[in-house]
Amino acid sequence: MRILRGPLPWLLLLLVVATVGMPATKPLFHAMFPALDRPMYEQDSFTALMLAHLWLAGVASLVATIVGVALGIFVTRPAGAEFRGMVETVAAMGQTFPPVAVLAIAVPVMGFGESPALIALALYGLLPIVRNTITGIETVPADTREAALGIGMSRFQMLARIELPLAAPIIVAGIRTSVIVNVGTAAIASTVGAKTLGSPIILGLSGSNTAYVLQGAILLALLAILLDVAFERLAMWLGGWRRPA
Amino acid sequence: MTEVGRKRLSANRVLLLLLTVGAVSIASLAFVSHARNRLVSGKPVGFIQAAQLAHTAPVTLLAAGVLLLLAPFLFPARAGRWLSLLGSGLTLGGLGWVAGAAAIGLALTGSPSARTSLGAGFWIAAVMALLAAGDAAQRLRLPLSLIWLTALLMLGPFVLLLGLGELNQLSILKEFATRHDVFMAALLRHILLVAGALIPTVLLGIPLGVAAWRRESVRRIAFPILNVVQTIPSIALFGLLIAPLSSLSDAIPLLPRLGISGVGVAPAIIALVLYSMLPVVRNTTEGLAGVPATVQEAARGMGLTRRQSFWRVEIPLALPVILAGLRITAVQAVGLAAVSALIGAGGLGAIMFDGLFANALDLVLLGALPVIFLAVLVDLIFRVATGLTARWSA
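If you read the sequences in order, they're chains A and B.
For the first sequence, numbering that gives the first Met the number 0 assigns the number 0 to the initial residue and increments by one for each residue that follows.
For the second sequence, numbering that gives the first Met the number 0 assigns the number 0 to the initial residue and increments by one for each residue that follows.
With the rest of the complex left out, here is chain A (with noise of 0.2 Å):
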């Protein structure tokens, strides 16, 4: 079973376990916080956090990849050059602000809720995923693209036989920047209205309840570990199949 090799399995089945199991472990929270009253956070299940955060950051998630890489294949064709030099300049630019600013905004902009969130996620999301993708088309060879249309090759060909192919490994570390990114402000998302694994942290903050606290972070961290772990392993498959050795 080569599946079972490496910690990608296992970080995953130590995933669930945690989220379904949480309520058990309440004596421990009991021995670890004995002054607090309400050590555990029951006001929703983790399972029910865990799935609405994987939610709200994968559909984000989604919508930025199919968005951006159209958007990074039409700057790179030539009747979407023209936008290209803005499109690079925004990504540049938008990746500097800072995500929970972009977040806040959404408010004020959209009011409060999952959707605002939804849309400031997907947005900001957006950017390392159209940079990548013009980077990766860029890196194809030219003498590639000429033998790719000498055999006969159309452009549309072109595209989804050579240049997306041979994109694949950049465009995948946008994405994996995107979703990482996602995951961690999707809880903070929490702050403006939407129900996600940041919101026992949030409560517990306000509340000063550590317990809770805790209890988000660990299923919080466990979460982005697991994803980049499986991106990890996303690009040195993609990048074997590159090279056939």
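Just so you know, these hints were derived from the structure itself, not from any lab.
It cannot be assumed that every hint is accurate.
Calculated Cβ distances over 10 Å to all of chain B for the following chain A residues [as the list claims (entries may be wrong)]:
#1 Thr-24
#2 Pro-26
#3 Thr-46
#4 Glu-113
#5 Thr-134
#6 Ile-161
#7 Ile-169
#8 Lys-194
Facing chain A, from chain B, some residues (calculated, C-beta under 10 Å) [what the hints assert, rightly or not]:
#9 His-179
#10 Phe-182
#11 Val-227
#12 Leu-239
#13 Pro-315
#14 Val-333
Even for Gly, the Cβ is constructed at its ideal location relative to N, Cα and C.
Starting from the structure of chain A, add chain B where the hints point.
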């Protein structure tokens, strides 16, 4: 339409798109919104009504700005771009002035507690003006650091209006006026948090980067750990630090007196330093590894000792890469310092989150906009510094 005219129109599709989006949003969305007091939600005021309230001068400035923005459609390449750049600055100022003057007009009729805040139409048009400036600057082939600088200069007319008090009736400035001292203290605290994180990062990170460059074993241990830390979301890392730090301060009575406890500035700075290490260590190692072996050999050949060669050859050549790492770290720290308000570290994030928790939207902007501005400014400073050292060491 003449052949040349059609060509100029089609060669400026970016500008055409920005102008169209700006015009449509101005025509269809609220330019400002007016509320009787801060508790009720505002009624939208369209651009036409705002312009009528604002009288001649602000509208003229805006019109002049928009006309200059159109310059690339009429004049050949470079001159048109420069005029367009100027025009976007004036447009931005004009938009602000119309909004500010409309707010003054509305304040004359309403009660003193009435509030006028900027609407979606204003925001979208302002962003379009900034993007037009960016596009013009980019077509003039200005380097990125200069693009930032022009963008800041674009804000010049806006800053002038602020200084003259023309915008004082807008709710965000009313909010600023009532919280002037709180705001200044928060801004100072924010800068201190960032500086307080950067100084230990440089003192620890650069030597660690040098050690990782020299020894494979250091690299093998340091990078995986720093990578995992960087992956953990900021709010989770802050949370994970609270429990150990507060039990530590309970156990050692001296620590709370030094200001070290589970919440506040100490855990914020510890977390910020942990986050800031990776870019600095990684770039130090990469920068040093990027010094060509031939250069090192030449330095030894000239009779420099290893130590002399390190300080006079390797470090200066690696400096632009190290500074690039510091830039990433500093920009990141500005944003993370805002999150650290959640664990009681204060700073601009405290204003922002107070606004979010109290549903006071102007307060949110008063916290969030300066955070963005600060991040942009830090990025600019480091880019200019990196550019200078690259030229100097070349």
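Outcome of the hint check:
Every CB of chain B lies more than 10 Å from the CB of Thr-24/A, the least distance being 14 Å, so the non-interface label holds. Listed as a non-interface residue, Pro-26/A keeps its Cβ farther than 10 Å from every Cβ of chain B; the least gap is roughly 17 Å. Against the 10 Å criterion, Thr-46/A stays outside the reach of chain B, whose nearest CB is about 18 Å from its own CB. The claim that Glu-113/A is not at the interface with chain B holds, since no C-beta of that chain comes within 10 Å of its own (minimum 15 Å).
Interface exclusion of Thr-134/A from chain B stands, the closest Cβ pair being 15 Å apart, more than 10 Å. For Ile-161/A, the condition that its CB be more than 10 Å from all CB atoms of chain B holds, with the nearest at approximately 28 Å. For Ile-169/A, the condition that its CB be more than 10 Å from all CB atoms of chain B holds, with the nearest at approximately 18 Å. The claim that Lys-194/A lies off the interface holds: its Cβ sits roughly 15 Å from the closest Cβ of chain B, which is beyond the 10 Å cut-off.
Because the closest C-beta pair between His-179/B and chain A is about 21 Å apart, greater than 10 Å, the hint is violated. Hint status for Phe-182/B: violated, given a least beta-carbon distance of 16 Å to chain A, over 10 Å. Satisfaction of the interface hint for Val-227/B is found here, the shortest Cβ-Cβ separation to chain A being roughly 6 Å, below the 10 Å cut-off. Because the beta carbon of Leu-239/B sits about 5 Å from the nearest beta carbon in chain A, less than 10 Å, this interface hint is met.
Taking 10 Å as the C-beta contact cut-off toward chain A, the hint placing Pro-315/B at the interface is violated, the least distance being around 27 Å. Because the closest C-beta pair between Val-333/B and chain A is about 6 Å apart, less than 10 Å, the hint holds.
Hint violations for this structure: numbers 9, 10 and 13, all remaining hints satisfied.
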